[in-house]
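Peer 1: Chain B: place on chain A using the hints.
There are 2 protein chains.
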Amino acid sequence: MSKFNEKTVKSDVIFEGKVITLQVDEVELPNGKLAKREIVRHPGAVAVIAITPENRMIMVRQFRKPLEKTILEIPAGKLEKGEEPLVCAERELIEETGYRAEEMKFVSSFYTSPGFANEIIHIYEASGLESGDAQPDQDEFVDLVEVTLEQAFEYIQSGDIIDAKTIFAIYYWENTLLKR
Amino acid sequence: MSKFNEKTVKSDVIFEGKVITLQVDEVELPNGKLAKREIVRHPGAVAVIAITPENRMIMVRQFRKPLEKTILEIPAGKLEKGEEPLVCAERELIEETGYRAEEMKFVSSFYTSPGFANEIIHIYEASGLESGDAQPDQDEFVDLVEVTLEQAFEYIQSGDIIDAKTIFAIYYWENTLLKR
Numbered sequence: 375m376s377k378f379n380e381k382t383v384k385s386d387v388i389f390e391g392k393v394i395t396l397q398v399d400e401v402e403l404p405n406g407k408l409a410k411r412e413i414v415r416h417p418g419a420v421a422v423i424a425i426t427p428e429n430r431m432i433m434v435r436q437f438r439k440p441l442e443k444t445i446l447e448i449p450a451g452k453l454e455k456g457e458e459p460l461v462c463a464e465r466e467l468i469e470e471t472g473y474r475a476e477e478m479k480f481v482s483s484f485y486t487s488p489g490f491a492n493e494i495i496h497i498y499e500a501s502g503l504e505s506g507d508a509q510p511d512q513d514e515f516v517d518l519v520e521v522t523l524e525q526a527f528e529y530i531q532s533g534d535i536i537d538a539k540t541i542f543a544i545y546y547w548e549n550t551l552l553k554r
Numbered sequence: 375m376s377k378f379n380e381k382t383v384k385s386d387v388i389f390e391g392k393v394i395t396l397q398v399d400e401v402e403l404p405n406g407k408l409a410k411r412e413i414v415r416h417p418g419a420v421a422v423i424a425i426t427p428e429n430r431m432i433m434v435r436q437f438r439k440p441l442e443k444t445i446l447e448i449p450a451g452k453l454e455k456g457e458e459p460l461v462c463a464e465r466e467l468i469e470e471t472g473y474r475a476e477e478m479k480f481v482s483s484f485y486t487s488p489g490f491a492n493e494i495i496h497i498y499e500a501s502g503l504e505s506g507d508a509q510p511d512q513d514e515f516v517d518l519v520e521v522t523l524e525q526a527f528e529y530i531q532s533g534d535i536i537d538a539k540t541i542f543a544i545y546y547w548e549n550t551l552l553k554r
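If you read the protein sequences in the order shown, they are chains A and B. Position in the first sequence (from 1) plus 374 gives the number in the working numbering. Position in the second sequence (from 1) plus 374 gives the number in the working numbering.
Straight line, CA to CA, 16 Å or less: simulated EDC-like cross-link-like pairs of lysine to aspartate or glutamate:
no. : chain 1 : residue 1 : chain 2 : residue 2
1   : A       : LYS452    : A       : ASP513
2   : B       : LYS381    : A       : GLU514
3   : B       : LYS410    : A       : GLU390
4   : A       : LYS439    : B       : GLU402
5   : A       : LYS392    : B       : GLU400
6   : A       : LYS439    : B       : ASP386
7   : B       : LYS439    : B       : ASP513
8   : A       : LYS410    : A       : ASP399
9   : B       : LYS439    : A       : ASP399
Calculated directly from the structure, the hints in this document are not laboratory data.
The shape of chain A in the complex, shown without the other chains (with noise of 0.2 Å):
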């Protein structure tokens, strides 16, 4: 599937920062004619489905700066250098909500925005949980939250979720896991 590869001309980094680079890209088309492409990569992140015994949905309440608006989202967070995924996801599990899982099964990757992203989120289903302590970043201001399904489409309805990766794990939660 490779008959519409733009090539490269020109690549030029506008920006690294602590989490994003935009760069501009200018590119030739299949037609012969250049393009410019708006590009921001990013390191990639994980996210985490995880139910309790109680069969809530863990999920943390975070004020989002991009949207100006607190919203409840499953655990996440960005990959660090060379992390496995697995890895980040049993740190971001344990960081964000206390909780340790005993297994820590692949579900899914999609990337979220590849018009203009290269951000990839693999999502990961936490299994025999154990509740601790939550160790967030310095940074970092989340609530713990732990939701049933019924409220899980209340706050989809409400607003207060509202993001693809939680919309993703509530459909996963109803259709998959309620299921087997």
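Peer 2: Okay, now just chain B, sitting in the frame of chain A:
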């Protein structure tokens, strides 16, 4: 849900492109410390779930420069300035695939990457489809592909389908549309 708010102390626009704007905000954290937030502003987008009378999902194959890869996605596109998402959904479906929809029903909206971007995607379900000629933008090279549910899951396995909105669409097809 506002106790974690981050007050903006300073906001610098680093880059204004055709598609995205990058800004870096300095914020005051709940503990009084300062931190930087790298934020990508995006106009928002729509995506369309469209199933033909032959029970195939309408998809487009296109090269995505941020991934350096050609992938299969549901028809989608950015909102133009002031454009209603519903109007954008109708427009993008025609432009990318040639299909016109008799009815366009809102399904869901979600943020793709709340950690660093404000991109929101509005998902619509098209019905009463009538085929026609595609009218792609000048710089847009897309192939129309129609896939069965079985093929869709094979494409997820092979990595040809690998973005959040399209995976959402396939699960929605399986778990909602096919159960009506």
